[in-house]
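A.B. asks: Each chain, letter by letter, is given below.
Protein chains: 2
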Amino acid sequence: MSKPIVLYGHATGPNPWKVAIILEELKVPYTTKFIDMADMKKPPFEALNPNGRVPVIEDPNTGITLWESGAIIEYLVQTYDTTATITYTSSPERFYVSQWLHFQMSGQGPYFGQAIWFSRFHEESLPSAKKRYHDHVKRVFYVLNKALEGKQWLVGDKWYVHLVWNGEEELSFANDAIYSTIADLSFVTWDLMVPFIFGDDTGSLELEKNYPNYFAWNKRLMERSAVKKIAKEKTEAAAVHG
Amino acid sequence: MSKPIVLYGHATGPNPWKVAIILEELKVPYTTKFIDMADMKKPPFEALNPNGRVPVIEDPNTGITLWESGAIIEYLVQTYDTTATITYTSSPERFYVSQWLHFQMSGQGPYFGQAIWFSRFHEESLPSAKKRYHDHVKRVFYVLNKALEGKQWLVGDKWYVHLVWNGEEELSFANDAIYSTIADLSFVTWDLMVPFIFGDDTGSLELEKNYPNYFAWNKRLMERSAVKKIAKEKTEAAAVHG
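If you read the protein sequences in the order shown, they are chains X and H. Just so we're aligned: 103 in full-length UniProt numbering is position 103 of the first sequence, and the numbers increase by one with no gaps anywhere. Just so we're aligned: 241 in full-length UniProt numbering is position 241 of the second sequence, and the numbers increase by one with no gaps anywhere.
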């Protein structure tokens, strides 16, 4: 039994909760410490992360202190996912996992973050800036929807067979080794922010109609017990600390 | 001798040039194909990358097609840097390399990119949005400057000794295994955009005075032959195609 990892997080920020999902998936013990925004960009927290942001982890089992959620997730699977339950160690799959993780880190998180900023927090209303980032968020839906055509998960399930049962043809997956990975799981917590980004306009996105593959994939992810648990905790933490 | 990798790039976009630096460092043969912005978000290019962006690589030696510059860089070092000349395979160093690569991908590239957008391309002048991203760029300088205190490179050189020579004390590095890695090299091509972001205000940044560790580190990087070569090619390509 490993000693609990310390996860520095925040009640509402999506990136620490993203790490929490991975810790839950891997059943790695951890404790969460919430840091107030006002305390992030100064000592003592800045000594843990010169970028003054969460998440940061401290792992007493290896002595490592690490920040950047993408790097933390890679560390966790390389250290604790020894049977590769939520990643791939085979090639080319492991490089595709890295590709989607980097897209989440550079293409989803920052744009969703700017969309939140100009929708909710900027000092003045700037409709053209807000529109820019709302459009970027929709583009992320488009990219994921396109990549998921005929697939359950972003990486791994490219082999499928047609099963015929009682005369009904059904698409099924031939490869037992198909499963969701950190490539999929890393998108969840920013996706939870969509109603906060679009507010009253959320319904008009018509996600199920316009991005059906994305919508179904997101639903599959939300049904996982680790994701359900963290989504609930995030909602509760936001109500108390948010 | 491996067959040349195809690198899909763009004359002015920093991310493909970032990959080119790594290919040069590793002496991996490659050919560059420039894609016009107008052709990125539609077939046939969109079939290579559903995100409709460069860089993308096609490696005939492994059959892989890969996008996201961070993932491409990880692929290149894992496939072609078998003696770890610009990365680490030891722990914890390899996780710190990943941390800084993710910071570059999520914390430098996107913010520098937004700073360029609101300084140069947005449909209307929005001073408060421009200021937001100029401040973010300066914050990246601050974070790097802080992290580089007493260090040559972002990862690896934490052991140093004081040498005394003719009564002069000098800080020197005790570990032969200290070298620049993809953690450092990945920042270069966005840093080259700083004058484009700040225009006439670039001088008032006073980089050497305000961020001396960052400034010296950037200078060390710019002296590497691979970086020199690509910086020159980038300038020439921008003059012809930009």
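Derived from the structure by calculation, the hints contain no laboratory data. Since we're looking at a predicted model, the values are computed, not measured. Hints are supplied without guarantee of correctness; some may be wrong.
Just so you know, same-sequence chains aren't split out, so a pair can sit in one copy or run between any two.
Unchecked claim - Cut-off 30 Å, straight-line C-alpha distance, at most; resulting in silico cross-link-like pairs (DSS-like, lysine-lysine):
| # | residue 1 | residue 2 |
| --- | --- | --- |
| 1 | K151 | K41 |
| 2 | K27 | K130 |
| 3 | K41 | K219 |
| 4 | K27 | K138 |
| 5 | K130 | K209 |
| 6 | K41 | K130 |
| 7 | K41 | K209 |
| 8 | K209 | K33 |
| 9 | K27 | K209 |
| 10 | K151 | K42 |
| 11 | K42 | K228 |
| 12 | K131 | K229 |
A.B. asks: Classify it for me, K41 with K219: is the Cα-Cα distance of at most 30 Å met within a copy, between copies, both or neither?
C.D. replies: between (36 Å within a copy, 27 Å between copies)
A.B. asks: Evaluate K42 and K228 at a C-alpha cut-off of 30 Å and name the case that applies: within, between, both or neither.
C.D. replies: Neither: 33 Å inside a chain and 37 Å across chains, both beyond 30 Å.
A.B. asks: How would you classify K209 and K33 at a CA-CA limit of 30 Å: within, between, both, or neither?
C.D. replies: Close neither inside one copy (39 Å) nor across copies (37 Å); limit 30 Å.
A.B. asks: Regarding K131 and K229, is the shortest C-alpha distance of 30 Å or less found within a copy, between copies, in both, or in neither?
C.D. replies: Neither way: K131 and K229 sit 33 Å apart in one copy and 39 Å across, limit 30 Å.
A.B. asks: From the Cα coordinates, with 30 Å as the cut-off, is the pair K41 and K209 best called within, between, both, or neither?
C.D. replies: For K41 and K209, only the inter-copy Cα distance (22 Å) is at most 30 Å; the intra-copy one is 42 Å.
A.B. asks: Given identical chains, is K151 near K42, meaning Cα to Cα at most 30 Å, within a copy, between copies, both, or neither?
C.D. replies: Between copies only: 21 Å across, 45 Å inside.
A.B. asks: How do K27 and K209 come out at 30 Å by Cα distance, when the copy is not named: within, between, both, or neither?
C.D. replies: neither (35 Å within a copy, 48 Å between copies)
A.B. asks: Check K151 against K41 for me: Cα-Cα at most 30 Å, and say if that holds within a copy, between copies, both or neither.
C.D. replies: between (42 Å within a copy, 22 Å between copies)
A.B. asks: Taking 30 Å as the upper bound on the Cα-Cα distance, should K27 and K130 be classified as within, between, both, or neither?
C.D. replies: Neither: 39 Å inside a copy, 44 Å across copies.
A.B. asks: How would you classify K130 and K209 at a CA-CA limit of 30 Å: within, between, both, or neither?
C.D. replies: So K130 and K209 pass the 30 Å test inside one copy only (24 Å; across, 36 Å).
A.B. asks: Within, between, both or neither: how does the pair K27, K138 come out at a Cα-Cα threshold of 30 Å?
C.D. replies: neither (33 Å within a copy, 39 Å between copies)
A.B. asks: For K41 vs K130, is the C-alpha pair at or below 30 Å within one copy, between two copies, both, or neither?
C.D. replies: both (26 Å within a copy, 22 Å between copies)
Checked against the numbered hints given earlier, this structure breaks hints 2, 4, 8, 9, 11 and 12; the rest are met.
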